[in-house]
Amino acid sequence: DTAVSQTPKYLVTQMGNDKSIKCEQNLGHDTMYWYKQDSKKFLKIMFSYNNKELIINETVPNRFSPKSPDKAHLNLHINSLELGDSAVYFCASSQTVTDADTQYFGPGTRLTVL
Amino acid sequence: AQSVAQPEDQVNVAEGNPLTVKCTYSVSGNPYLFWYVQYPNRGLQFLLKYITGDNLVKGSYGFEAEFNKSQTSFHLKKPSALVSDSALYFCAVRALYGNNRLAFGKGNQVVVIP
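Top line first, the protein sequences correspond to chains A and B.
Using our numbering, read the first sequence as starting at 392 and increasing by one per residue.
Using our numbering, read the second sequence as starting at 2 and increasing by one per residue.
Calculated directly from the structure, the hints in this document are not laboratory data.
These numbers come from a predicted model, not from an experiment.
Note that the Cβ used here is the ideal one computed from N, Cα and C, for glycine as well.
Accuracy of the hints is not assured; some may be wrong.
Quick look at which bits of chain B chain A covers, simulated, 3 or more residues with Cβ under 8 Å [what the hints assert, rightly or not]:
(1) 14 to 22
(2) 43 to 54
(3) 91 to 97
Covered, in the sense of this in silico footprint (three residues per stretch, anywhere, with C-beta under 8 Å from a C-beta of chain B), are these stretches of chain A [to be verified]:
(4) 425 to 434
(5) 439 to 448
(6) 468 to 475
The following label-pair restraints were derived from C-beta to C-beta distances [unchecked claim]:
(7) B:P8 - A:D429: 17 to 23 Å
(8) B:F47 - A:H464: 19 to 25 Å
(9) B:K78 - A:F433: 39 to 45 Å
Make the full structure from the sequences, and use the hints.
Next comes the structure, spelled out in structure tokens:
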């Protein structure tokens, strides 16, 4: 039983293309997140949704647009892909937005922009 | 804003020896502290967290961590390292009544030598 799943696992695409990454959690959590892990393994929060509402929107180019159709799903759409977008993108979820709540991570999507 | 420092890039330890991965944090107010482990090409797995109470926290796979408020540290420890503990370890902090953000350290690569 996969708790937090992401598709696709690998994504290779050309510069300028538009792509989406999907995330689903079956934990019944209210809050979901997108993180970016760069080539040096540094992890940074991008977005967070609580009950389908955006609560964290870090300094991310507006080419990145998250969408949460329901509490169990948080998708990430990226327009006009650039070389610097190459990274591993992780989805995560937590029971609520409470600071003490543990975040559970998906397996990651490795995006390579050529 | 909260932040975490993991001063060492890599920790090498012989199998069977004690393992320590260091973490110090900076936060306004009370901290919530977390340790995660990332195996190659995998997502982050939760190990343990400190919320309140006993300063010594026990987690998965025989790991434990000690919260030291005066030294603002939360070092991860394991009495006897296994080769399978070789992975990337992340410390993270969130502030009580903070900005909802979980701030990660840069990660420590642990190499357990057979």
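>> Using a Cβ cutoff of 8 Å, are there at least 3 residues of the region 425 to 434 of chain A near chain B, or does the coverage claim fail?
In response: Since 4 is at least three, the answer is holds.
>> Against the range 39 to 45 Å, how does the distance between the Cβ atoms of K78 (chain B) and F433 (chain A) compare: consistent or not?
In response: 24 Å, violated
> Given as covered by chain B, does the region 439 to 448 of chain A meet the bar of three residues or more with CB within less than 8 Å?
Replying inline: holds (count 3)
> With a cut-off of 8 Å between beta carbons, are at least three residues of the region 91 to 97 of chain B near chain A?
Replying inline: This one holds; 4 residues, not fewer than the three required, reach chain A with a Cβ under 8 Å.
> Counting residues of the region 43 to 54 of chain B whose CB is closer than 8 Å to a CB in chain A, do you get three or more?
Replying inline: Contact hint for the region 43 to 54 of chain B vs chain A: holds, 7 residues under 8 Å.
> Okay, P8 (chain B) versus D429 (chain A) on CB: inside 17 to 23 Å?
Replying inline: 20 Å, holds
> That 19 to 25 Å hint for F47 (chain B) and H464 (chain A) (C-beta), does it hold up?
Replying inline: 21 Å, holds
>> Please verify the coverage claim for the region 14 to 22 of chain B: does it have three or more residues whose C-beta sits within 8 Å of some C-beta in chain A?
In response: Result for this restraint: violated, n = 0.
> the region 468 to 475 of chain A covered by chain B? Criterion: 3 or more residues, Cβ-Cβ distance below 8 Å.
Replying inline: violated (count 0)
Hint compliance for this structure: hints 1, 6, 9 are broken, all remaining hints hold.
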